[in-house]
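Participant: Chain by chain, the residues:
Number of protein chains: 2
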Amino acid sequence: MNIENYLKDWKKKVDDKLNEHLPSEEEYPPLLHKAMRYSVLAGGKRIRAILMITTYSLSGGKHFDEIMPVSSAIEFIHSYSLIHDDLPAMDNDDYRRGILSSHKKFGEDIAILAGDALFSHAFYMISHSNIRADLKEETLRVLTRAIGNKGIIGGQIEDVISDSGEKNPKLLRYIHSHKTASFFSAVCEIGTILADANKEKISASRKGGLLIGMAFQIQDDILDVEGKKEEMGKEVKKDKNKLTYPSVYGIDFSRKIAKKYSMLALKQLNVISGNDKIFEDLLDFLLGRRN
Amino acid sequence: MNIENYLKDWKKKVDDKLNEHLPSEEEYPPLLHKAMRYSVLAGGKRIRAILMITTYSLSGGKHFDEIMPVSSAIEFIHSYSLIHDDLPAMDNDDYRRGILSSHKKFGEDIAILAGDALFSHAFYMISHSNIRADLKEETLRVLTRAIGNKGIIGGQIEDVISDSGEKNPKLLRYIHSHKTASFFSAVCEIGTILADANKEKISASRKGGLLIGMAFQIQDDILDVEGKKEEMGKEVKKDKNKLTYPSVYGIDFSRKIAKKYSMLALKQLNVISGNDKIFEDLLDFLLGRRN
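Line by line, the protein sequences are chains A and B.
In terms of our numbering, the first sequence opens at residue -1 and continues consecutively.
In terms of our numbering, the second sequence opens at residue -1 and continues consecutively.
Hints were generated in silico from the structure; no laboratory data involved.
Warning: the hint list may mix true and false statements.
Any copy will do: because identical chains look the same in the list, a pair fits if it lies in one copy or spans two.
[Claimed, not checked] Straight-line alpha carbon distances no greater than 20 Å define the calculated DMTMM-like cross-link-like pairs of lysine to aspartate or glutamate that follow:
#1 265 / 282
#2 103 / 156
#3 168 / 25
Note that the structure is predicted; figures quoted are calculated from it, not measured.
Between the sequences and the hints, there should be enough to build the whole structure, so can you do that?
Facilitator: Here you go:
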């Protein structure tokens, strides 16, 4: 199948489940639910959810209905982290996915709480799912390692206090591998865990996911320099005071590094995909994207 | 045992575990870990953790070492919610537990992330604990119901947008039962779940915990009016534009309502405590407290 169609089809299914798994605006408290729905349903490629579904499917997983609460949880966590990232005290972004960011739309207090509620709801979804207890436990172990102080938030804090004048490649790798790649690694690993795959596949998905995440974040850095606001749905050139791949290595070499990470990712992911070209196409798509 | 000593002894044990379960400032990223430790270790009565331990113990639980990761998780969640609550966009409190609040000490960006990291770390602790898989699963179910959009955060959002001019008793009950009592209910219930108690005890702890939480929050409202800054460790009279029991019912009648909730709580909790006077003493202590 053509990769654009593959992504489009799964995005539709993920979106439908997100809509179903989010509390309704008719339910109390309506303003909170409105703010939760606003950010999650604003769009997004759903790459993280689709990566999980892809490693699940390639590892022989067949019970998609059972695992969709986890794909929703992944996107809730992604949304929460974007809402908090956009806050004035953080990146101070007024737009996200082409519409006002949560705090511009609802106010800072509601945005903080909507982020918190999505974070909490992610764990609600997984806890209340019908996944086999041991697989659920392992999913939560991998997930909580990836999103906290030794994962996403560890990377974010160093990102917040970093300074583009520093040109510190080791710190740059720390930031990117933690704030972005650790979560990519976890979602790929979780797909294989949920499919009850063997250790070799689980390990390959963990490593491959990390490498996809690095390639993805470098492309994100490049798009902040080269992208157009209309295509990106948010302000560009926001990272000029941040430590990024273009600020340390320049655009051309950053592109080469992203390509290199992508090739290393494929080497790992071949263990799962065999002759299926899906990850190759997916990585080409991710590195060729305009937003 | 005298209730003050009981609370003091358990607070010491809970504090020791919190210290052990928090990431070290020597570990990377140090600033995040410093901010996480700062807020959690600033003190606090550890009432929520001790309630969980008490219902566990009274229900026959004996493996305290096994459940302490959950008591830490409970206090991490409490701390995260205080850090976010104190932010300028929320209650804008400069002091907490007698020291500068997180954002005054570290800046808003770090405070937001430290709160997020503690929230995440709570789930990390539970996921990585050695608790029996089915009890862990049930613990997470109860916990995630209590702290999200239908629990703490639901109450907080209505608290944030509430207005003392409104005098709406139904909304007031919603706010207090959600922002505070739902978590008290969950921690009491989790203690009995972890002890593998029967349904009757689990149900009694859930209901009793909710009622303790209501009494506790009304006393909190009263202390905001009558308490002294030096004893409270934070600014008082901060709630004057909020919907509180004193603003709706006056101080004297609020005290009566708190006493009523406390008596109703005891009725439930007798199912667990039998002839043990512990909850009676604990409630007397909570309603007599000065901070």
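Participant: Against this structure, judge whether each hint is valid.
Facilitator: Quick rundown of the hints versus the structure:
| no. | hint | result |
| --- | --- | --- |
| 1 | 265 / 282 | within (14 Å within a copy, 65 Å between copies) |
| 2 | 103 / 156 | between (28 Å within a copy, 18 Å between copies) |
| 3 | 168 / 25 | between (48 Å within a copy, 16 Å between copies) |
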